[in-house]
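Each chain, written out:
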Amino acid sequence: MGQSAHLIWHQDTSIKGMDAIILPGGFSYGDYLRTGAIARFSPIMDAVVEFAGRGGMVLGICNGFQILLEAGLLPGAMLRNRHLSFICEDIYVRVENADTPFTNQCEPGQVLRLPIAHADGNYYTDPVTLSALQANAQIVFRYCDREGHVTSQANPNGSLDNIAGIRNAAGNVLGLMPHPERGAEKVLHNEDGVFIFRSILSALERNKIHQPV
Amino acid sequence: MKAKIFVTLKNGILDPQGRTIQQSLHTLGFSTVEEVRIGKFMELDLNETDITSAENTIKSMCEKLLANTVIEDYRFEILETY
Numbered sequence: 001m002g003q004s005a006h007l008i009w010h011q012d013t014s015i016k017g018m019d020a021i022i023l024p025g026g027f028s029y030g031d032y033l034r035t036g037a038i039a040r041f042s043p044i045m046d047a048v049v050e051f052a053g054r055g056g057m058v059l060g061i062c063n064g065f066q067i068l069l070e071a072g073l074l075p076g077a078m079l080r081n082r083h084l085s086f087i088c089e090d091i092y093v094r095v096e097n098a099d100t101p102f103t104n105q106c107e108p109g110q111v112l113r114l115p116i117a118h119a120d121g122n123y124y125t126d127p128v129t130l131s132a133l134q135a136n137a138q139i140v141f142r143y144c145d146r147e148g149h150v151t152s153q154a155n156p157n158g159s160l161d162n163i164a165g166i167r168n169a170a171g172n173v174l175g176l177m178p179h180p181e182r183g184a185e186k187v188l189h190n191e192d193g194v195f196i197f198r199s200i201l202s203a204l205e206r207n208k209i210h211q212p213v
Numbered sequence: 001m002k003a004k005i006f007v008t009l010k011n012g013i014l015d016p017q018g019r020t021i022q023q024s025l026h027t028l029g030f031s032t033v034e035e036v037r038i039g040k041f042m043e044l045d046l047n048e049t050d051i052t053s054a055e056n057t058i059k060s061m062c063e064k065l066l067a068n069t070v071i072e073d074y075r076f077e078i079l080e081t082y
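Quick note, the sequences are listed as chains A and B, same order. Under my numbering, the first residue of the first sequence is numbered 1, with each subsequent residue one higher. Under my numbering, the first residue of the second sequence is numbered 1, with each subsequent residue one higher.
This list has only true hints and no planted wrong ones.
Straight line, CA to CA, 25 angstroms or less: simulated DMTMM-like cross-link-like pairs of lysine to aspartate or glutamate: (1) K208/A with D19/A; (2) K59/B with D31/A; (3) K64/B with D12/A; (4) K40/B with D120/A; (5) K40/B with E55/B; (6) K59/B with E43/B; (7) K10/B with D31/A; (8) K10/B with E63/B; (9) K10/B with E43/B; (10) K59/B with D73/B; (11) K59/B with D126/A; (12) K64/B with D120/A; (13) K64/B with D126/A; (14) K4/B with E43/B.
Here are a few chain B residues that sit away from chain A, every Cβ distance over 10 angstroms (derived from the structure): (15) H26; (16) V36; (17) R37; (18) E48; (19) T57; (20) S60; (21) Y74; (22) I78.
Worth flagging that the hints you see were computed from the coordinates, not collected in a lab. Quick reminder that beta carbons are idealized off the backbone N, C-alpha and C, glycines included.
The task is simple: from the sequences and hints, build the whole structure.
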C-alpha cells in the first residue's frame, strides 16, 4: 500500500514515531494459561497501552485481539470455540459500523469475506457490557452469511451476538478475529481485507494533527 | 508453604469441553453424571511464612494473571506443611 512499516519486537519498550500499531495473530507464548494472557505482560505492552490511552490507533488481529482483551484495552474475553475445534476457513462478516477509523472505506452493512484461523474465538462478555457495546455501536463486525444475514448458522465459533470484532468506547482501538491481512491481495484470491487498511490510512491522513508523536 | 489454586469457568458460562466429557461418560454407562466442568489446577511453592501475606499474594496473582475474572472464578487452599 506504499507505506513504510516497522516490526516492533515484544521485548522492545518503545513505539516512538509510529502512526498506528497492529498486533498480529500468532499464538504468542504458546497460548499458555489463556490466549494472550502472558503476551499481555510482554515489555512492549506498557507502551502500547500508553499509546492507546493517548488516542493512538491500535488494531488487534486474532491473537492480537485476544491480547487486547487480556490487557483490558477492549472489554470481554475469549472462550474455546463452541465445537472445540480449531477453525481455518473463509467466513463472512458484516460491517456494523462504517464510521470508525478502521472501516470508513466500507459501506454500512457491507459484507466482507475474510479468513479465520483460531481455536479460541468465542467472544463472551457480561450482559451489561454487551448492552453497552450494542448501544455505543462498538460492535464493528458480526459473522453473517454471504448475503449479510446474521444467523446462528453463520456463527463459526459461538460468539455472543455473532461478534467478530469490537472497538473501544473512544473508538481508537479495534480487535477482530478474522485476518484482513490474509485476504488483501489479488494473489490471495481475496482482496476484501484491504478495505480495513485503506480505512486506517484514510483516518490517519484526516487526523494527522491529532496523532500522538 | 504450598498453595493449590483452582480456576473454573463461572457458573452459567457454557463449558463445551465439560459437555463433551459428560456425553462420553454417559456413553460409557456413567448415567448419573449430570454435569462436568473443566478447570485448571495449579500448585505453587511459596517462600512465605505468614498465611495472611500468602493469601494476599495468591489473590493478587489470580486477579492479575492466573484467572480471567470476566469468565473464570478461582479459589485456593494453602498448606502450611507438606
